[in-house]
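Participant: My request is simple: use the sequences and hints to build the entire structure.
2 protein chains.
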Amino acid sequence: MALDDFTLADVYRRNAALAPRRTAFVFEGRHISHLDYLGRVTRLAAGLAREGVTAGDRVAILSQNALEMVDLIGAEAYIGAVLLPVNVRLSAEEIGFVLADGAPLLLIVGRDYQPIAQTLAPSLPSLRRCFGLGADAAPFQPFGELYDVDDPAPRQDVDADAGFVIIHTAAVGGRPRGALLSQRNLLIAQSSLIQALGLGEADVNLGVLPLFHITGLGLMLTAQQAGGVNVIAAKFDAAEAARGIAAEQVTLLATFAPMLGAILEHASGDQLRSLRAVTGLDTPQTIECFEAMCPNARFWSTYGQSETSGLATLSPYRERPKSAGRPLFWRSMAVVDADDRPLPEGEVGEIVLRGPTVFKGYWNNKAATAHALRGGWHHTGDLGRFDADGYLWYAGRAPEKDLIKTGGENVYPAEVEAAIRAHPGVAEVVVIGVPDPQWSEAIKAVCVCRDGASPSAAEIADFVAGQIARFKRPKYVVFVASLPLTATGAIDRAAVKVAHGEASSD
Amino acid sequence: MALDDFTLADVYRRNAALAPRRTAFVFEGRHISHLDYLGRVTRLAAGLAREGVTAGDRVAILSQNALEMVDLIGAEAYIGAVLLPVNVRLSAEEIGFVLADGAPLLLIVGRDYQPIAQTLAPSLPSLRRCFGLGADAAPFQPFGELYDVDDPAPRQDVDADAGFVIIHTAAVGGRPRGALLSQRNLLIAQSSLIQALGLGEADVNLGVLPLFHITGLGLMLTAQQAGGVNVIAAKFDAAEAARGIAAEQVTLLATFAPMLGAILEHASGDQLRSLRAVTGLDTPQTIECFEAMCPNARFWSTYGQSETSGLATLSPYRERPKSAGRPLFWRSMAVVDADDRPLPEGEVGEIVLRGPTVFKGYWNNKAATAHALRGGWHHTGDLGRFDADGYLWYAGRAPEKDLIKTGGENVYPAEVEAAIRAHPGVAEVVVIGVPDPQWSEAIKAVCVCRDGASPSAAEIADFVAGQIARFKRPKYVVFVASLPLTATGAIDRAAVKVAHGEASSD
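Protein chains in written order, with our numbering: chain A, 1 to 506; chain B, 507 to 1012.
Calculated from the structure, these hints are not laboratory results.
Treat the hints with care, as some may be off.
[Claimed, not checked] Facing chain A, according to a computed beta carbon distance under 10 Å, are these residues of chain B, among others:
{"no.": "1", "residue": "Asp516"}
{"no.": "2", "residue": "Ala525"}
{"no.": "3", "residue": "Asp667"}
{"no.": "4", "residue": "Arg832"}
{"no.": "5", "residue": "Phe835"}
{"no.": "6", "residue": "Trp836"}
{"no.": "7", "residue": "Ser838"}
{"no.": "8", "residue": "Pro862"}
{"no.": "9", "residue": "Lys866"}
{"no.": "10", "residue": "Gly882"}
{"no.": "11", "residue": "Phe892"}
[Said to hold, decoys possible] 25 Å max Cα-Cα, derived SDA-like pairs, lysine to any residue:
{"no.": "12", "chain 1": "A", "residue 1": "Lys322", "chain 2": "A", "residue 2": "Val336"}
{"no.": "13", "chain 1": "A", "residue 1": "Lys322", "chain 2": "B", "residue 2": "Leu524"}
{"no.": "14", "chain 1": "A", "residue 1": "Lys322", "chain 2": "B", "residue 2": "Pro526"}
{"no.": "15", "chain 1": "B", "residue 1": "Lys872", "chain 2": "A", "residue 2": "Leu3"}
Here the structure is a predicted model, which is why all the values come from computation and not from measurement.
Heads up, the beta-carbon is just placed ideally off N, CA and C, and yes, glycines get one too.
Facilitator: This is the structure:
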């Protein structure tokens, strides 16, 4: 038995020992205590074991947030299995890629995703069985059967440093890469969030972000680690979120633009009175509006990614407005030049990070792992600078990783460009991100048509949406006679950004 | 380079980057900033390296608290050396044992300890050199020379999981055992203290406990890890402590009885107004007096030992008066019977613990390590029970480890008994701990004299003090005609305790 391990199962046991009857989770009005949760987890763990799942095996889930998903996270942690949460907003082809890449033994399918799972299942050789959530699991086995065991799973030895969850992120070339995180990665990352936000048993997190994202998963586990309550929403609805905050006296909330703005529109200050901390990315206008409505709460600025176990920096927005905050504990951060030399304060370079919150590597991708982790530092692919007081100022993506962040999702221009180039009327295209008040960034395509062709903007946008995830559809499509070239004859993407970096279709 | 490491040097760099000019340490009125401290540490690290000290080598210090000791802790951490802090209150023979056991390359000697170091040094084959603290280091090299380097030590790779400090604790049979702790042990332990006490940059710790004890060392490192200030006292003086609290606006204080009571006697409530948290062991009377004088501060109850990286449980005293508090995060704790079977709530057994705060093992003592860490749990040798809400109730020492805790020091009865048995007038003796309002426990010797002999109580007490550390001198010595025996003919220690467990010489 590894004497120095402390795992998520130890958190569940701890909560059940210290406060067995306190609420751990609220889902659709149903309250689950810490003791109930431990019972659900150990029964489900026994059910998974009966299906042949052992340490290191993957169990995938394709679902909106659900109580069963929270149980699954716990049960996989309990037996050392590897969680493979699939982003339901991806296209069928992308979901197929993620499942083939992760090679799960079991696939758990949410209510709306049976058709796509049924289509994909036959082509997944690793898959032994699919289970369906909800009352009507057909054509799959009901997930509920997995809880139906003679005895809950006994206490077992799990390596806290082994892989626990694979989160697929956008990747150069359009193929998602699976960031593998250990239980130790998450527990350490969460401990510093608890410290920075001063979280405890009295805190109540409202989980409106999907649990297949690192931020949604991480904040849920953080509140649980602090002994607090998680109110989980199946999906985001602004009016319901406002009601939920008032009903459950929510103190903690993580959002991506435009969620917070929408909640503020649907709520009264009175309804939001219990809020203490909101983390995320948002516009100064929305943050000011939030501060005016919730004078006792703070907006916290952050920077992070799946590869860093979520948030890596965190500070109150007002401490240094528009910065990304200061490094959380357990992270050594620096900004380096193209040759990995540390840059002095104030100079922009690639953000690099080391310490126990850095992911274990990309699943099935040794080359990408070696490249990202070269020289003993994780290379985030993001640009930034540190000021004299240690605040990080985000400065966009490194050229090799020029991605667009829209509504909390990462989109690679290369992928959207490939989709548009498949259109018979398009000769060349550059896709860029442009500022967007609602989604942080929006996607804009700058196209050169083939001789004689004249597709409409809507036609190009819909053509993209027919191939890849809907959130990758360009909001703006503009047509130009030619694209600027660099001295070496390559398309000058920087010049395209300068000329077309506005949020408009001109 | 170990990507996932985070070490004490990363804490020093972090503090120097985030708040270079803020005060890190105050010693005898002198203020050292975080940037100054990093400079002192990296210069001293280079000085140690010049003396041939590399990762894993031991450097010992025999001194009261001093600024140079704080630097040494940092410099040893920076190069991965192993700190061997020697309890100055031990007898010359015991100090000799600790030094021979730890086999240091260098020995740093405080002002009052040159004579003893000079006597011991020739018999320590590992020792290359001694350095003396203070203006008059003779007969040793001045410690200050070690800071006098051309360049500070460069950033280097240190294994956070390797041994970093050896703390010798009392041991069965009277030979101290060295508990080896890693930097990771300490950093993890400290992170949960920061979380539980809600510490941050604004906190100021008054270090009146010796830094050669885990509690003094741990609290100092905890405040530093939180980005706060450490006011270090060379030694405890109640009036000076009260003045220091007022002058430096101290918020955090760790004490052992009778320190807090003495501070309260020497202070006004106004002087202590800045205090927020005091941890330790004390009498209900002293705690009540403290609460009355400092209504905004809390007394925190704890249980811990060197082998658990210090505090393992911690709760506000008022939450459950006289309990030892609830387990801190990162610790799995249980109470087991003699066959290591977990006992139900309410039943008394040996306190066992696992997780990343458990020590690496006893230095040079594989047998003791294997015994303590059997079955994947650290066996503390202490008895206790958990109540329904997860509070630990301390219930004395396990019979095999029947030690006395007096004024923050651990004393083994077996050692004191051996010293008394050497007296020609004593036939048999049992040494026990008895409640003491000033020192938590006091030492009481129950003696059977040899025929015709009639030594006085003072004679026996002084005889002990002539052989081993003064704090092991019995406060009470009583004489009996015979000692009670068990059914098997052994001395019935439990019966002795029942008959003589009072704090008096009758």
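Participant: Now, for every hint given, state plainly whether the structure supports it.
Facilitator: A quick look at each hint next to the structure:
1. Asp516: holds (5 Å)
2. Ala525: Hint holds; B:Ala525 Cβ to chain A Cβ min 8 Å, cut 10 Å.
3. Asp667: holds (9 Å)
4. Arg832: holds (6 Å)
5. Phe835: This interface hint holds because 7 Å falls under the 10 Å limit.
6. Trp836: Check passed: Cβ of B:Trp836 comes within 5 Å of chain A, closer than 10 Å.
7. Ser838: holds (5 Å)
8. Pro862: holds (5 Å)
9. Lys866: holds (9 Å)
10. Gly882: Result: holds, 3 Å to nearest chain A Cβ.
11. Phe892: For B:Phe892, the interface hint holds, since the closest Cβ of chain A sits about 8 Å away, which is under 10 Å.
12. A:Lys322 <-> A:Val336: Holds - the C-alpha atoms of A:Val336 and A:Lys322 are around 22 Å apart, at most 25 Å.
13. A:Lys322 <-> B:Leu524: At roughly 18 Å apart (the allowed maximum being 25 Å), B:Leu524 and A:Lys322 satisfy the hint.
14. A:Lys322 <-> B:Pro526: holds (23 Å)
15. B:Lys872 <-> A:Leu3: holds (16 Å)
Hint compliance for this structure: every hint is met.
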